[in-house]
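Student: Sequence:
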Amino acid sequence: MQITQITYRQLALTLQNPFKTAHDVTDQRPLILIAITIDDAYVGYGEVQAFANREYAPQSQNDALGWLKTHVAQLVGIQGEKLEDLLVQLPNDGQFARAGIEMALWDAVGKYEHRSLADMLGEHTETAPVGIALGLDEMGEIDQAQKAGYRRIKLKQANQQFEAIGDVIAIYPDQLFSLDFNASLDDSVTTKDYLKQLQKLGIDLIEEPFKQGSFATYDAEAQALLPLKLSLDEHLNSIADVQMWLAETQVPAYTIKQGKLGGIQAAKQAIDIVLEQEKLPWIGGMLASGLGRAVDAALASYIPTPQYPADISQGNRYFVTDIVADDLTFEAGHVQIPKGPGIGVTLNWPAILAHQVGPTETIKLLQKP
1 MQITQITYRQ LALTLQNPFK TAHDVTDQRP LILIAITIDD AYVGYGEVQA
51 FANREYAPQS QNDALGWLKT HVAQLVGIQG EKLEDLLVQL PNDGQFARAG
101 IEMALWDAVG KYEHRSLADM LGEHTETAPV GIALGLDEMG EIDQAQKAGY
151 RRIKLKQANQ QFEAIGDVIA IYPDQLFSLD FNASLDDSVT TKDYLKQLQK
201 LGIDLIEEPF KQGSFATYDA EAQALLPLKL SLDEHLNSIA DVQMWLAETQ
251 VPAYTIKQGK LGGIQAAKQA IDIVLEQEKL PWIGGMLASG LGRAVDAALA
301 SYIPTPQYPA DISQGNRYFV TDIVADDLTF EAGHVQIPKG PGIGVTLNWP
351 AILAHQVGPT ETIKLLQKP
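Take the sequence shown: its letter number 331 is residue 331 in UniProt numbering, and every next letter is one higher.
Simulated from the structure, these hints should not be mistaken for lab results. Fair warning: this is a prediction, and the values are worked out from it, not measured in the lab. Treat the hints with caution; some may be incorrect.
Label-pair ranges, simulated between beta-carbon atoms [stated by the list, open to error]:
hint : residue 1 : residue 2 : range
1    : A164      : S188      : 31 to 37 angstroms
2    : F215      : D272      : 21 to 27 angstroms
3    : A41       : F215      : 45 to 51 angstroms
4    : R54       : E163      : 31 to 37 angstroms
5    : G80       : K339      : 55 to 61 angstroms
6    : V357      : E81       : 54 to 60 angstroms
7    : Q28       : A325      : 17 to 23 angstroms
For every residue, glycine included, the Cβ atom is placed at its ideal position computed from N, Cα and C.
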């Protein structure tokens with residue numbers, strides 16, 4: 001197998017409603033769509049999921065674009081007998097951009113081998129439980145999400161709205177709830193008391209409460225809040241970060257996002273090592289397109305049961321128009337894992353071209369005369 005062409009284009013997808021977190025408000029989701037051709041025949045697609053700025057992660061979309069301009073020409077022409085031979089030749093930096101390249105490679109090789117991404121990952125389930133993430137101003141949508149059967153509802157919660165959270169839990173006592181603070185709280189006695197109150201309310205999991213939490217802070221709070229699970233997210237920007245937090249703390253849960261860790265291979269490795277330490281890995285979301293959500297679904301299916309509900313929901317809930325022709329299939333709070341070759345989705349090219357911003361960049365393997 002040889003990479004004979006790489007094409008990438010910048011996209012801006014319009015959200016149905018602005019998505020508010022402690023970091024930012026997003027109404028246009030920037031993505032970079034990558035196409036990799038193997039042997040002039042098999043085309044795989046990936047997306048770079050960096051955000052517009054560095055508030056959430058170290059690499060922005062502009063940073064990722066610069067990485068692609070620097071490295072793509074060096075990747076055209078690399079070859080190998082199997083996927084691993086190609087992956088080992090990718091640079092190890094620039095996590096978001098690298099993940100987009102790697103996603104396209106998994107897709108292309110899956111098509112070459114006539115295997116689904118889930119099959120390529122290993123043993124997997126046919127469906128996976130899913131949850132939904134609601135922005136800070138979307139409390140009124142909880143009833144709709146509960147009726148839709150989502151196995152978990154995550155609230156993007158920046159402020160200490162204890163009474164509002166308690167009211168919601170009282171209305172839906174059998175619904176699994178988690179909170180995401182996006183590293184927005186200070187490391188104070190008041191904050192820790194507030195987190196303890198949330199534990200007493202019955203919140204199941206909290207992501208990244210502290211702005212600048214140390215190993216010691218997270219370790220102590222993780223133990224104090226049990227059975228409420230504290231989960232890492234913002235602190236995890238590479239597989240090395242996952243290994244370091246596992247070695248230094250007893251934090252019980254890890255939010256796995258392939259785009260942020262450097263790709264599907266890193267996410268798979270992270271799942272494996274978190275499980276080895278008897279901690280909980282689960283798949284988080286990053287306002288991905290239908291292409292990225294299909295990858296997340298495959299990774300969620302790779303985690304052995306019982307699986308914690310992944311942050312995967314219908315694309316039409318987020319985007320006015322998605323870049324895939326058909327959305328994932330959801331039933332009774334579970335997503336069906338795509339079975340087609342590679343990632344298993346078909347792209348919507350009219351939508352892609354309508355949302356493209358800037359030129360299309362194409363690098364081809366020069367043929368010898």
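Student: Now tell me if each hint is right for this structure.
Tutor: Here's how the hints hold up against the structure:
no., hint, in the structure
1, A164 to S188: 31 to 37 angstroms, "violated, 21 angstroms"
2, F215 to D272: 21 to 27 angstroms, "holds, 22 angstroms"
3, A41 to F215: 45 to 51 angstroms, "holds, 49 angstroms"
4, R54 to E163: 31 to 37 angstroms, "holds, 34 angstroms"
5, G80 to K339: 55 to 61 angstroms, "violated, 26 angstroms"
6, V357 to E81: 54 to 60 angstroms, "violated, 38 angstroms"
7, Q28 to A325: 17 to 23 angstroms, "holds, 22 angstroms"
Violated hints, in rising order: 1, 5 and 6; the structure is consistent with all others.
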